[in-house]
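Generate coordinates for the entire structure from the input sequences, incorporating the hints supplied.
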Amino acid sequence: MEGKEKKLPDLFPKETTRRGFLRGTAVAAGSAVAMVTVGGLAAKAAHAQAAAPAPQKDLMKYLFAERENCTGCRACEYACSVYHTGVVRPSVSRIHVLKYKDSIDVPVVCWHCNDAPCVAACPTTPKSIIPDPNHNGIILNEKTCLGRKCLKCQEACPAQFVWVNPDTGMPLMCDMCAGDPACVKACKDQSGNPQGPCLMTNKLGFGVNLAFRDVKPNEAGKDLLDLTFYPNVDGKRPTPAKTKKTRRS
Amino acid sequence: MTATKGGCFGKILEIDLSKQTYKTREVPDEIYQKAIGGNGLAAYFLTTEYKAHKDPLAEDAFIYIGPGPLNGTFCVSTRTSFAHMSPYTGLISHAETGAHFGNEIKWAGWDGIYIKGRSKKPVWLSIVDDKVEFKDATKLWSKDTEETHEAIIKGMNDPYARTAVIGPAGENQVPFSCVIVERFRAAARSGTGMLMGNKKLKGLAVRGSKGVPVVDNVKFMEMATYAKKLAVEKEAWQGIKRWGTAGLMEQNNFFTGSLITKNYQTTWYPDVVKIGAEEANRKFWKRHVACNHCPIHCLKLGVIREGKYKGLIAEGPEYESGGLLGSNLGMTNFNDMIALIEACDAYGIDNISTGGVLGFTTELVEKGVLKPADLDGLKPKWGDGDTYMELIRKIVYKEGKAGKLLSKGVKKMSAEIGKGSEAYAVHVKGKELAAHDARGDKARAYSYALGSCGGDHHEGASTRALVIFAMINSLSTCSFASALIWGGENAKITVGMLNPLCGWNMTEDDYWTTGKRILTMERVFNVREGISRKDDILPVRMRTEKLPAGPKKGAIFTEEDTKKMQDEFYSFVGWDAKGIPTDATLKAYGLEYSIDDIARARKEYNL
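As you go down the protein sequences, you meet chains Z and E in turn. Residue numbering for the first sequence follows this note's numbering, beginning at 1442 and increasing consecutively. Residue numbering for the second sequence follows this note's numbering, beginning at 940 and increasing consecutively.
Source of the hints: derived by calculation from the structure; they are not laboratory data. One or more hints might be untrue.
[Claimed, not checked] Examples of chain Z residues toward chain E, derived with CB under 8 angstroms: (1) T1512; (2) R1515; (3) Y1519; (4) G1527; (5) R1530; (6) S1544; (7) D1630; (8) N1634.
[To be verified] Which bits of chain Z does chain E cover? Going by a derived footprint, with three or more residues having C-beta under 8 angstroms, they are: (9) 1550-1556; (10) 1659-1670.
Positions of the beta carbon are idealized from the N, C-alpha and C atoms, including for glycine.
Here you go:
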């Protein structure tokens, strides 16, 4: 119970916006004990702020991909590799775009799940990957990471997000570009006519991202293909066999 | 001989299909400075390695698949050039395609792929960085492009690999068959499919993990970012983003007066509203798809939602495919038109030439020159999608009388049929024209008549644009996202990107010289095959028949227009009045090795 409550402050901005206000009431309705806990934490945080610099409030904490908006231009891959290595090189880009049956583009992103299975799977002590408290980006410690010998994080990621750097063998973790993701900016820059951007930050979609992350890119592609091309208008969708037949006739 | 510093790796993957071996061919920096890459580099190989009158289907004939220095870098929307001597026209030929295939070649660490030889049994090539494998394609032979693509991706065991494949048309040696890249994009118009089929090469799949080296990254990114900004913001191109090139169908019918209709008889086709962009938007389109790093996403995917083709996912209509297989065939049923387009993609055959051949055949039947008996009892008439579908199948498999006749292309068909059919045969240098009628849109004549491939809409619609397009086909970038958007800044932006990328000292003058050099190299190749001023003309129909209706009613491409266009272009690139590069020009461009070739051709063809 307490663990669950602790995560709440991560989800919403801390100013007294309408959302912040709603959060307050929700917590109050939840339980008085929780109220005290949160209050206590806030007091502790306030105390800690005196020593350490305060986490910046406008930093991003989550990535969200509106898959239906993706055109497959890979500007996100370009921006990601340029941010991290200086040149365009999709093989070291953290984010990537899967072409599913060449009809659907699936952006494969790190959803920055709160329970972070990759971090949980990391066998080293201390952990070689940790979420940065400021912006939720996963920070990799190349000195302690076992690299290609281990890759437990790659196995653990339900979204099949983690790739391996072909030069160093280190897992490629989304570090959120220190709170201002380059992929999101690149996506926004060239979207808008007529579709909105695919990548967003902090648009949580009511936790949908946590459901999305359990879908493998291939499955997402299949779903999206059916959703895009065969919406269930007449209760039926053509079977692949039938599609093939019409193509040749 | 110096090694390349950036932009290029200085090595080309040379594949010999006869011996099933591969090796690295080193290319020095000087050659890249001279010919850039892609189409330009292919022109250099073709003029230096081929003697005149080479058999385009000889065992040692090559296909050069060339990205350019800008591929794989931050530059917006880069493309790939498939260049070789065309088995269709017998001239130099290059076909450009978008998608991610070219970039993947660069990321695999190659500047291009040079394929020669002929395999004994069908193969497909798997190229993963430095590793090349020859895989058995016996089971893939006779499969359509979609199935082949899926099978190769499966064979690569890597969903992120990129493919280029041929369909049954290429296998059956149809001279206007094409290569289908990543299922929906075509490198068409040159007969590349036929050449690959001849080499028993069913397809290629590429996957790379490297990065392209950059000499001065800060300066390069500055210019590349500026160039991208233009592609994002320029107002004139917002329509392409929304409507794709299909939007041009309505525009060219109602305003420009250049939408070809019923084998170029007119440019007025009010039924365009039934097959154009608006109709596609209403009942077909579902998605926008972009090439790499491109904000324009001109490719539209959709699904047919009713009728007998229900459930078919297809791409288009684009302006050319919708023009040639839509208005050119008098189609009024949108779904039938899309099915024709998708059938061409699945068979791996060029939309434009197929549309040209079908339109020509229909007019001949209408005029009584061809009888149904000549076409296996089929009687094509305008708008008859089912007959056209059957004819396309016959062309692909060269089946029956109709298939054998139609698969020859318009030029050879009219020569064989005679009976005045030459007057309706619309082709330049043996290749069918695209969907812009040069009477309504006179600037297109530059591209059709003066472009090195003949009948090609993608070679620049003015004297200067011909040079610019020679450059962008070599770089190789997209005309929408780069050349046309950069406009007057083409030289500045290209040089501004190439210098910091490759460590060169090109000036804006060098840009123009390089473009002219590439055009001249291509011209040298064509002159050796007998091309001169007399061939740089539009088809008879556009020079003798006035447009009967539409916004450009009465327009015609006159002899004066032709003369003005030729004179202006020849003097700009430094060719003589017969359209032959002079010795002084060849020396100025550093092409001394071609002087003898030209002298020989002058003697041979009495020029």
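Give me the numbers of the hints this structure contradicts, sorted from smallest to largest.
-> Hint 9 is the one this structure does not satisfy, whereas the remaining hints hold.
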